[in-house]
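Asker: Here is how the chains run, residue by residue.
2 protein chains.
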Amino acid sequence: MASTSSLSLSNSLLARSVSHHRPGLCLSAASPLPTFSGLKSASSSSPAQIPIAALRRRFLQRQIRAAAIETLAPAETSLVDNSVNTIRFLAVDAVENANSGHPGLPMGCAPMGHVLYDEFIKFNPKNPYWFNRDRFVLSAGHGCMLQYALLHLAGYDSCKLEDLKSFRQWGSKTPGHPENFETPGVEVTTGPLGQGIANAVGLALAEKHLAARFNKPDCEIVDHYTYCILGDGCQMEGVAHEACSLAGHWGLGKLIALYDDNHISIDGDTEIAFTEDVSKRFEALGWHVIWVKNGNNGYDEIRAAIKEAKSVKDKPTMIKITTTIGYGSPNKSNSYAVHGSALGAKEVDATRKFLGWPHEPFHVPDDVKKHWSRHIPEGASLESEWNEKFAAYEQKYKEEADVLKSIITGELPAGWEKALPTYAPDSPGDATRVLSQQNINNLADVLPAFVGGSADLASSNLSLMKKFGNFQKNTPEERNIRFGVREHGMGAICNGIARHCPGMIPYCATFFVFTDYMRAAIRISALSQSRVIYVMTHDSIGLGEDGPTHQPIEHLASFRAMPNVLMLRPADGNETSGAYRVAILNKKRPSVLALSRQKVPLIAGTSIEGVEKGGYIVSDNSSDNKPDVILMGTGTELELAVEAAHELRKEGKAVRVVSLVSWELFGEQSAEYKESVLPEDVTARVSIEAASTFGWERMVGSKGKAIGIDSFGASAPAPVLYKELGITAQAVIAAAKELC
Amino acid sequence: MASTSSLSLSNSLLARSVSHHRPGLCLSAASPLPTFSGLKSASSSSPAQIPIAALRRRFLQRQIRAAAIETLAPAETSLVDNSVNTIRFLAVDAVENANSGHPGLPMGCAPMGHVLYDEFIKFNPKNPYWFNRDRFVLSAGHGCMLQYALLHLAGYDSCKLEDLKSFRQWGSKTPGHPENFETPGVEVTTGPLGQGIANAVGLALAEKHLAARFNKPDCEIVDHYTYCILGDGCQMEGVAHEACSLAGHWGLGKLIALYDDNHISIDGDTEIAFTEDVSKRFEALGWHVIWVKNGNNGYDEIRAAIKEAKSVKDKPTMIKITTTIGYGSPNKSNSYAVHGSALGAKEVDATRKFLGWPHEPFHVPDDVKKHWSRHIPEGASLESEWNEKFAAYEQKYKEEADVLKSIITGELPAGWEKALPTYAPDSPGDATRVLSQQNINNLADVLPAFVGGSADLASSNLSLMKKFGNFQKNTPEERNIRFGVREHGMGAICNGIARHCPGMIPYCATFFVFTDYMRAAIRISALSQSRVIYVMTHDSIGLGEDGPTHQPIEHLASFRAMPNVLMLRPADGNETSGAYRVAILNKKRPSVLALSRQKVPLIAGTSIEGVEKGGYIVSDNSSDNKPDVILMGTGTELELAVEAAHELRKEGKAVRVVSLVSWELFGEQSAEYKESVLPEDVTARVSIEAASTFGWERMVGSKGKAIGIDSFGASAPAPVLYKELGITAQAVIAAAKELC
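Chains as they are written, first to last, in full-length UniProt numbering: chain S, 1 to 740; chain R, 1 to 740.
The following block holds chain S by itself, in its conformation from the complex (with noise of 0.2 Å):
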């Protein structure tokens, strides 16, 4: 692609700024910074009150004190000037126009934001999910304004210019933080610090898997790079770190992560709480890493770190760009002032001064509208031009080009629910994992982008894909993934796996009690809609002696309650294959599946079209409508619910006994369902569940019994934990002869 490059710096400079970072450099080149002497506040006298010149002077000691470079006065102006101010003032008037928002990163990154997007990131602004393009994400999300004024000057529809006025404004395609379901040319939903750089992981995991299998000598049809920007926050963040520590174990060459080092965060200098060697520890990472000290106007040093991390094939690469928050702000810049608030009416005059930017809000000048334009035809002759390689590559691998185009579009093959295993009613019993294995291992045959692994528990978790060998850095074909302890990189990475495209189905395991670690990533897997399979096994205090640090007791009811999540808890076999099956159809959440360590029998009466209304009448001996009492349970308990039924029916009693093995879905039935399985008349209504009752009054009404667990667990064997705890038949028979 052509490019216009600033010549502010000379050559000399630029060999100075672009050093590779050796241990102890970082050090001694950042001492020139004064020692941390407690939170810096902006200052307090107005603009209006002192001349530009003194401005642009305190100005430039700040940069210099940020930047720690020699030269800082604002180039001669170029285009590339042009363009960069053109990103900041539309991050700044966008801001001020909601009055909300987060003017610090976008003024400090524009010139990183403009060279990724002006001269490497292939994308085609007409077709946002063209398959081949560059991944881009924002993990420092607040700086989104960076990224919607980046996507209107490429061209997105997405981020037109009315777009913009309505920043942060109810219905409009530019939300306070990246969302991939609202902005299209957004590939992930950032904010909560570090998923970003996770999910640019996962995205990069993506990439490298589907390049090792479907490229060929002659034609590489799979090959992208994945950039990510990401801050101090991100990078304190311990997300952040698990899932760049496995980058590096994989060698994701093409992940390149641009760190925005502006020292500020929001309490103040990152001195007061992360003095860390951030490079150091990326090298021990397996990482390459670049330093770039002048990332405000340092142009070609940010050109010329990315070519070279683009040139580096075997290991991600960090590059630091040092940079000054709120770049252009007189009294703000390089201060927490400027993160996350409107810069004000006076601020925002004195920073127009200051770069010289005379325009009204929202101007885009007609030279920067010019050479962006280019975007539109260059970006849909990227495609066409992929589209040709793809029908060469298709006449010469139609096997393969079939089973990739599936992968795109993520149409699911004809006939593939026929692999989820069903059971006839005398088929022995099992633990729900060992289940569960069974229906890894027969999709890993028919979904051709099933992918997944555990966090370290693959022979707990049961959830090894026995054809397939380990996605490694020298073998990125294989399918299982080896995320070591680390779950919540784990659920994050998913998250950008699942988001490459939409044929990629990630699934993700550890013990159901460790969502805890992991929460935060699939809260975004259920606002971004994403379909990841969390394999969740040891659901319960069934688990025995491993103790209440690893029994969950409120998970089921915190799941039920997130927004968009599939909380599917299995009872047997059949009921497995229906999480599963509905697990593969939702694509458009994760689900998380609670499965047993412990067996469990064969349930008459179970099954996947059972399921999927989430809940269903597994045997009942009432007639009308009308049992004597309504036995409910999931799980390994709904066995006890059977149990019960099978004693109090000997007693004469009409039971109805359910299943409940999804409260969402149950909840998404018509009310004429849901009356025929929980009519309201009968509220005679017992549940059994090995956790927290929590929530159940919903199924049972007032005067209905929940039998669970409102305290921690303890370490026992499992049946002693279930007789002290009180999850026996016998508890549920008792109730429900109180109620009838």
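Just so you know, the hints here were simulated from the structure itself, not pulled from any lab data.
Hints may contain errors.
The list makes no distinction among identical chains, and a pair is therefore deemed to hold if it is satisfied within one copy or across any two copies.
What the hints assert, rightly or not - Here are the computed lysine-lysine pairs in the DSS-like style, where the Cα-Cα straight-line distance is at most 30 Å:
1. K346 / K599
2. K599 / K165
3. K405 / K588
4. K674 / K737
5. K588 / K723
With chain S fixed as given, assemble chain R onto it according to the hints.
Answerer: Quick look at chain R alone, frame taken from chain S:
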């Protein structure tokens, strides 16, 4: 203290084995390890079929592979060897007896465990709560039999032989993972990986803080170390990374972490997922790093490393100790097979033969018993010497001694509650986060060890204590803790602070939605009965434009379902003060305070006393406990219930308004009290809360209506969101009219 050491390694080997880590050294030294080639499994040959000499050869081969050192033949039997083998076999036998547990870590870590407890850790076994003891945390909690065996040898009453024999059984003091509330001598509850090392950071922070405040040039009254054993699993967890980054930043010189580098996790060789350079990473985090290459027999090296670590005062130390998991088991050592299952009778037999251990299960040789028996008198002496020191300190520094005593005992200062702000009915309203700030600052005046901070949101959470500075490396006497953007680490560190001694009262703050990042730590607060106060602001869609990534929906429900947590959502000033009162007084449970970003008025009828009951009548114009309708709300929506009641009363209805600020506390009230607030006969009930309706059936009953939000929020100004999502007084009025 006297010590007996194995002399099996020459001094020259010692010199090589205790080496300071330098960049590159770790990798090159590790290179003798064969390239990873997939999951290893235990040998399928039965030990019975193979002569013991061959087993020994095979074992030695495994050893060399794992530890990369030259001589590993079991040393000549010595007292230390005997002690170490006693620890190994107490673990092996207890796991065997329970047929459940984790023998691998205790077998590999017995040497470091022995050296630590026998030679370094200061403790008094007959008073596990002696204030100035060294703290020990087993972060790799699954290896708890190591700790129980050590506590047994050391003379703790919690781990008598019968306790070891009832390992992992119902009602025993030796649960499947270490639990401070079950086993005196265990400092914190571990098992969920990474938590323990973060707790250790909190413990070490508390020591550094108290030492800085109370030590005098002539009297170091607070002076102890924090030791922690962590494994590969802990090292992979993001929470550990977050906490260790802070430990380096804070220069916690008296924190000494022993990293059991055994290269095995549940999924096999760590090569499959964990190839980062851990030592280099810890150097980047500002730690002192030492590598002990022979952790299996190298007592001298371990000892030398700990001594060195103790001498490094300005940095925490990570001692990487290379060990063999399951050391001594001929067929299972150095494989995941020995991690989490009983060895089985045959392998136990082979292990006994290999290690030359002819004894019966649970045998403690007399010389070992005798050697360890000195810890009872020595421990008593340590404590009484310290008591004498304290008496002298008290004479000289009466005021400080009194304060320190109150921190040690946890006794609250008389009249502390008077510091809680109260509000007259005509007081102006404010955001509950602002009212929270008043509470925090008032409590800072009266509670001597009230410490805390925010995960980089201090200016949003309003969590700073204005009269104090920042706890930092060189200002550890200060009380504001700057956690950076590390929610999970923050929570786990606060657990450590809370467990240091009864008077340490930590609070920590972030946005409510980001409890998702730290949920695993909050659960440990609850389980371990630790009074941590979670100050969670921006508690609903009321935060406005930041959008759904930042708007909690399901979080209230998710904590109401979690055992032993107080979930408090105050509505105004009086309720906020009540929430703090309750949080401080509940010494054995954490409190989560959900606080608003937006302003709320002071509501007539709210009270601190009301909060203590969890639910109470705020206003009522009914008589005989028979209102026409009961309106309920929490937090910022109580105002809407009040407004609706006002309108309904104008129309002649008898309306009761109930605040349900804490469901847990309300649930603990007498049946009579509950009936007086929510009479069973009154089924016309409407609730309003800007959150998931999940669980509200408990309060509104089958006939009532719950107004809430069962989808994600959106990005828009708060008033727009309330209107668009139907959280309005009008909605309450309409629902009430349908019911009465």
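Asker: Each hint needs a verdict: does it hold in this structure or not?
Answerer: Quick rundown of the hints versus the structure:
| no. | hint | in the structure |
| --- | --- | --- |
| 1 | K346 / K599 | between (69 Å within a copy, 27 Å between copies) |
| 2 | K599 / K165 | between (58 Å within a copy, 27 Å between copies) |
| 3 | K405 / K588 | within (20 Å within a copy, 58 Å between copies) |
| 4 | K674 / K737 | both (24 Å within a copy, 26 Å between copies) |
| 5 | K588 / K723 | between (40 Å within a copy, 27 Å between copies) |
Comparing the model with each earlier hint shows no violations; every hint is respected.
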